[in-house]
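Peer 1: Below are the chains, spelled out letter by letter.
Number of protein chains: 2
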Amino acid sequence: MRYELYYWPGIQGRGEYIRLALEEAGADYVDVARGAHGMAAMMKMMEAETTPPFAPPFLKAGKLVLGQTANILFYLGSRHGLAPKTEAGRLWLHQLQLTVTDFVLEVHDTHHPLGPSLYYEDQKAAAKKRTDEFWSERVPKYLGYFERLLEDNGGKYVTGRRLTYIDLSMFQLVEGLRYAFPRRMKGFERKIPGLVDLRDRVAARPNIGAYLASDRRIAFNEDGIFRHYKALDA
Amino acid sequence: MRYELYYWPGIQGRGEYIRLALEEAGADYVDVARGAHGMAAMMKMMEAETTPPFAPPFLKAGKLVLGQTANILFYLGSRHGLAPKTEAGRLWLHQLQLTVTDFVLEVHDTHHPLGPSLYYEDQKAAAKKRTDEFWSERVPKYLGYFERLLEDNGGKYVTGRRLTYIDLSMFQLVEGLRYAFPRRMKGFERKIPGLVDLRDRVAARPNIGAYLASDRRIAFNEDGIFRHYKALDA
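Chains as they are written, first to last, in the working numbering: chain W, 1 to 234; chain X, 1 to 234.
Do not rely on the hints blindly, as some may be mistaken.
[Said to hold, decoys possible] Heads up, simulated BS3-like pairs for lysine-lysine below, C-alpha to C-alpha not over 25 Å straight-line: (1) W:Lys-63 / X:Lys-85; (2) W:Lys-128 / X:Lys-124; (3) X:Lys-230 / X:Lys-128; (4) X:Lys-60 / W:Lys-141; (5) W:Lys-186 / W:Lys-156; (6) X:Lys-85 / W:Lys-85; (7) W:Lys-85 / X:Lys-63; (8) W:Lys-191 / X:Lys-44; (9) X:Lys-63 / W:Lys-124; (10) W:Lys-60 / X:Lys-85; (11) W:Lys-44 / X:Lys-141; (12) X:Lys-44 / W:Lys-128; (13) W:Lys-129 / X:Lys-129; (14) W:Lys-129 / X:Lys-44; (15) X:Lys-85 / W:Lys-124; (16) X:Lys-128 / W:Lys-128; (17) W:Lys-124 / X:Lys-44; (18) X:Lys-141 / W:Lys-60.
[To be verified] Below, a sample of chain X positions facing chain W; criterion: calculated Cβ distance under 8 Å: (19) Glu-49; (20) Phe-54; (21) Leu-64; (22) Gly-67; (23) Leu-98; (24) Leu-105; (25) His-108; (26) Gly-115; (27) Leu-118; (28) Tyr-120; (29) Phe-134.
It should be emphasised that the hints constitute simulated quantities derived from the structure, not laboratory data.
Backbone N, C-alpha and C fix where the C-beta goes; we use that ideal spot for every residue, glycine too.
Looking at chain W on its own, in the form it has when it is part of the complex:
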């Protein structure tokens, strides 16, 4: 079965956590909206009469259409060896991914504190305040939590001795924060040595390495979740 991934074609965004999982698994998939007429196809799916997704990303798997990043990873994880086999293990992993979801929304809020439908340029002062709070309070809380889980597990992977999709998400968070806030992140990384090491090991995996070197990996840019604005990194 060839999966169909639907997501905005110009950004990594929330779709990237799914792309990383599909790539690591070596799954057969097509990134629909990046192909010819792909955006029209995506918009049409959102007008479906049954189970219309609220927003991209969503994944078509046979007859099933799944929305919400963490929900899609929950589905893919157990089918592609990227999740534990037990129900308890899968729910724990999903819980962690939902915490990543919360964090990603807070990342987005750093440049859009006054709302997602206004331009960054119209909320620069508020963005600076929100970003200061994000780095003083939220980044230490979220990444400190995952660093502690990694430590408690002996430092190999977040949930144990085998790689799961949460490790791929940790890679993406470290990469994204490095892109958006290079100066702030440089100072912070000494507090999360385990996550930085995990990031390196994920990047070195054959399938992930090949993906990162391909044009399937979209470059970070200022339309995505992780945006580099000099004023926010000062």
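We have chain W; now place chain X onto it with these hints.
Peer 2: Same frame as chain W, now just chain X:
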């Protein structure tokens, strides 16, 4: 088995979606942090060596400790007749609950646009701007989506002919918006007649009615997610 629910004792907050599901199901549970020494017990659980929750709410079900509201509902739903029986149906329902999760975070952002660790009093101007955008863009988008799902299903329940936990969440969203923004909500309700009717039918269910009339239902207040600030409702 008696469930143990752990959540901040003075607010409805994110715990309320779980309380509503437990009450509708007539499940045996204890709201731990509201009892003697409950807060200490909750804090101790968060320092656990295995599967420590990132934040309340979390639910202890036998040996299992589950965090993240939507994850807890996913677990409870299939065990208490509040979710469809098929995998596709359960994932669809979960996807909808995750969309509620996103909306709830945006509700919180209306009074805390500059970050969750600052006081509302220190971000009143930004809160006003965020709230205006919330009502002009976000409420119509989110509630319009659920209203449409309800219509497409014939108007009885969001996912079909049987009540699920998403219907309880719809009740809570309507109640919360009425509390926090009575003036704005009054003007908006004519756009979501189906959800308003669903709210009434949920409130009239025997178990929910008994719960709402009991002291187990905490009153809305200005420490929760839905907060009534006159300036934001103008």
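Peer 1: All hints are to be evaluated individually against the structure, with a verdict given for each.
Peer 2: Taking the hints in turn, this is what the structure says about them:
A threshold of 25 Å between alpha carbons decides the hint, and for W:Lys-63 with X:Lys-85 the separation of about 17 Å falls inside it, so the pair holds. For the hint linking W:Lys-128 to X:Lys-124, the alpha-carbon distance of about 16 Å falls within 25 Å, and the restraint holds. This hinted pair checks out: X:Lys-230 and X:Lys-128 have alpha carbons roughly 10 Å apart, not beyond 25 Å. Of the supplied pair hints, the one linking X:Lys-60 and W:Lys-141 holds, its CA atoms being roughly 23 Å apart against a limit of 25 Å.
Proposed proximity of W:Lys-186 and W:Lys-156 is supported: the alpha carbons are some 23 Å apart, at most 25 Å. Between X:Lys-85 and W:Lys-85, the direct Cα distance comes to roughly 21 Å. Compliance with the 25 Å bound is thereby established for this hinted pair. For the hint linking W:Lys-85 to X:Lys-63, the alpha-carbon distance of about 17 Å falls within 25 Å, and the restraint holds. Annotation: proposed proximity of W:Lys-191 to X:Lys-44 holds, straight-line Cα distance about 24 Å (limit 25 Å).
This hinted pair does not check out: X:Lys-63 and W:Lys-124 have alpha carbons roughly 47 Å apart, beyond 25 Å. Between W:Lys-60 and X:Lys-85 the alpha-carbon distance is near 21 Å, which keeps this suggested pair within the 25 Å criterion. A C-alpha spacing of about 17 Å is found between W:Lys-44 and X:Lys-141, which places the hinted pair at or below 25 Å, so the restraint holds. A C-alpha spacing of about 35 Å is found between X:Lys-44 and W:Lys-128, which places the hinted pair above 25 Å, so the restraint is violated.
Note on W:Lys-129 and X:Lys-129: the hinted pairing holds, with a Cα-Cα distance of about 15 Å set against a maximum of 25 Å. Between W:Lys-129 and X:Lys-44 the alpha-carbon distance is near 33 Å, which puts this suggested pair outside the 25 Å criterion. Straight-line distance between C-alpha atoms of X:Lys-85 and W:Lys-124 comes to about 48 Å, which puts the hinted pair past the 25 Å bound. A C-alpha spacing of about 18 Å is found between X:Lys-128 and W:Lys-128, which places the hinted pair at or below 25 Å, so the restraint holds.
For the given pair, W:Lys-124 sits about 40 Å from X:Lys-44 by alpha-carbon distance, which is inconsistent with the 25 Å threshold. For a cut-off of 25 Å, the pair hint linking X:Lys-141 to W:Lys-60 stands: about 23 Å separates their Cα positions. About 6 Å separates the beta-carbon of X:Glu-49 from the nearest beta-carbon of chain W, less than 8 Å, and the hint is met. Taking 8 Å as the C-beta cut-off, the interface hint given for X:Phe-54 holds, the closest approach to chain W being about 5 Å.
Because the closest C-beta pair between X:Leu-64 and chain W is about 6 Å apart, less than 8 Å, the hint holds. Given the 8 Å rule on beta carbons, the hint for X:Gly-67 holds: about 5 Å separates it from the nearest Cβ of chain W. Interface hint status for X:Leu-98: upheld, as the beta-carbon distance to the closest one in chain W is roughly 4 Å, under 8 Å. With a least beta-carbon distance of about 6 Å to chain W, the hint placing X:Leu-105 at the interface is held under the 8 Å criterion.
For the restraint placing X:His-108 at the interface with chain W, the shortest Cβ-Cβ distance is roughly 10 Å, beyond the 8 Å limit, so the hint is violated. Nearest Cβ of chain W to the Cβ of X:Gly-115: about 3 Å, under the 8 Å cut. The hint holds. Annotation: interface hint on X:Leu-118 holds; nearest CB of chain W at approximately 6 Å, less than 8 Å. Nearest Cβ of chain W to the Cβ of X:Tyr-120: about 14 Å, over the 8 Å cut. The hint is violated.
The beta carbon of X:Phe-134 is positioned within 8 Å of a beta carbon in chain W (closest approach about 7 Å), and the interface hint is therefore held.
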